[in-house]
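Using the sequences and the hints given, assemble the complete structure.
Those sequence lines, one after another, are chains D and P.
Residue 99 in numbering that gives the first Met the number 0 sits at position 100 of the first sequence, and the numbers go up by one each step.
Residue 17 in numbering that gives the first Met the number 0 sits at position 18 of the second sequence, and the numbers go up by one each step.
Watch out, some of these pointers could steer you wrong.
Copies of the same chain look alike in the list, so a pair counts if it fits in one copy or across any two.
[Claimed, not checked] Below, in silico cross-link-like pairs of lysine to aspartate or glutamate (EDC-like), each with a Cα-Cα straight-line distance of 16 Å or less:
(1) 26 with 115
(2) 26 with 105
(3) 29 with 115
Keep in mind that the hints were calculated from the coordinates and are not lab data.
2 protein chains.
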Amino acid sequence: MTQKGLILFAHGARDPRWAAPFQRLQKSIKESAPDQVVGLAFLEFMNPSLTGLAEQMINDGCAELVVTPIFLGQGGHVLRDLPEMVAQLCARFPAVEIRIADAVGENAMVLHAIRDYCLSTVQLP
Amino acid sequence: MTQKGLILFAHGARDPRWAAPFQRLQKSIKESAPDQVVGLAFLEFMNPSLTGLAEQMINDGCAELVVTPIFLGQGGHVLRDLPEMVAQLCARFPAVEIRIADAVGENAMVLHAIRDYCLSTVQLP
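Written as structure tokens, this is what we have:
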């Protein structure tokens, strides 16, 4: 069986506090699925980059990578920049299968959880 | 009872497709809670602005507003720009109570839903 790695792909920001929920997400995935290889990469301002993390995971033995955009909205970053970066990785590593998943904002269960949270914010006393 | 309005505050982007999940979220909230006044405002690139939407909701009778950042990470936009905008609104409308909720990425149930979605993306055949 080939090793399949999961890359959480987030935007990044200048403020270091920005990374906290994404790091909590990575930790939560590791706790739920200890055998799942999971890394966190950023588009800009923070490290590692997607390319750097993908190289490392491939060197560590991943023969498949799934890149899941931890973005609610899909704009130029997800729809244009990310496919270009993945196409370059595919050209460099033709033996590795690299797939881009839908952004988290496209998932109905995620949106339901956000809806419930938003409603709770107006129901506070 | 005073009317309490919910403002979903998102980043905005040049690509019009970016707004879709936020519009679905607003629609889902309206369906779940038909009596809840809920608007969607953007920091940049898209309309309405937070200030424009808040003015309109106050003119329409809201005496309380809750601004919920539909941001996963909290960086300068949520931690610095948003409080400044809300402080200006509070100064202009002293009779209105305006509160900022935690960003959605701070909510454990939202993060659990994102975790489950991310794990599903590597479990696909």
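Outcome of the hint check:
In this assembly of identical chains, residue 26 and residue 115 lie within 16 Å of each other by CA distance solely across copies; the values are 13 Å between and 23 Å within a copy. Within a single copy, residue 26 and residue 105 get their C-alpha atoms only as close as 22 Å, which misses the 16 Å cut-off; across copies the closest is 14 Å, which meets it. Only between protomers do residue 29 and residue 115 lie at most 16 Å apart by alpha-carbon distance; the minimum there is 12 Å, versus 25 Å within a single protomer.
In this structure, every one of the numbered hints holds.
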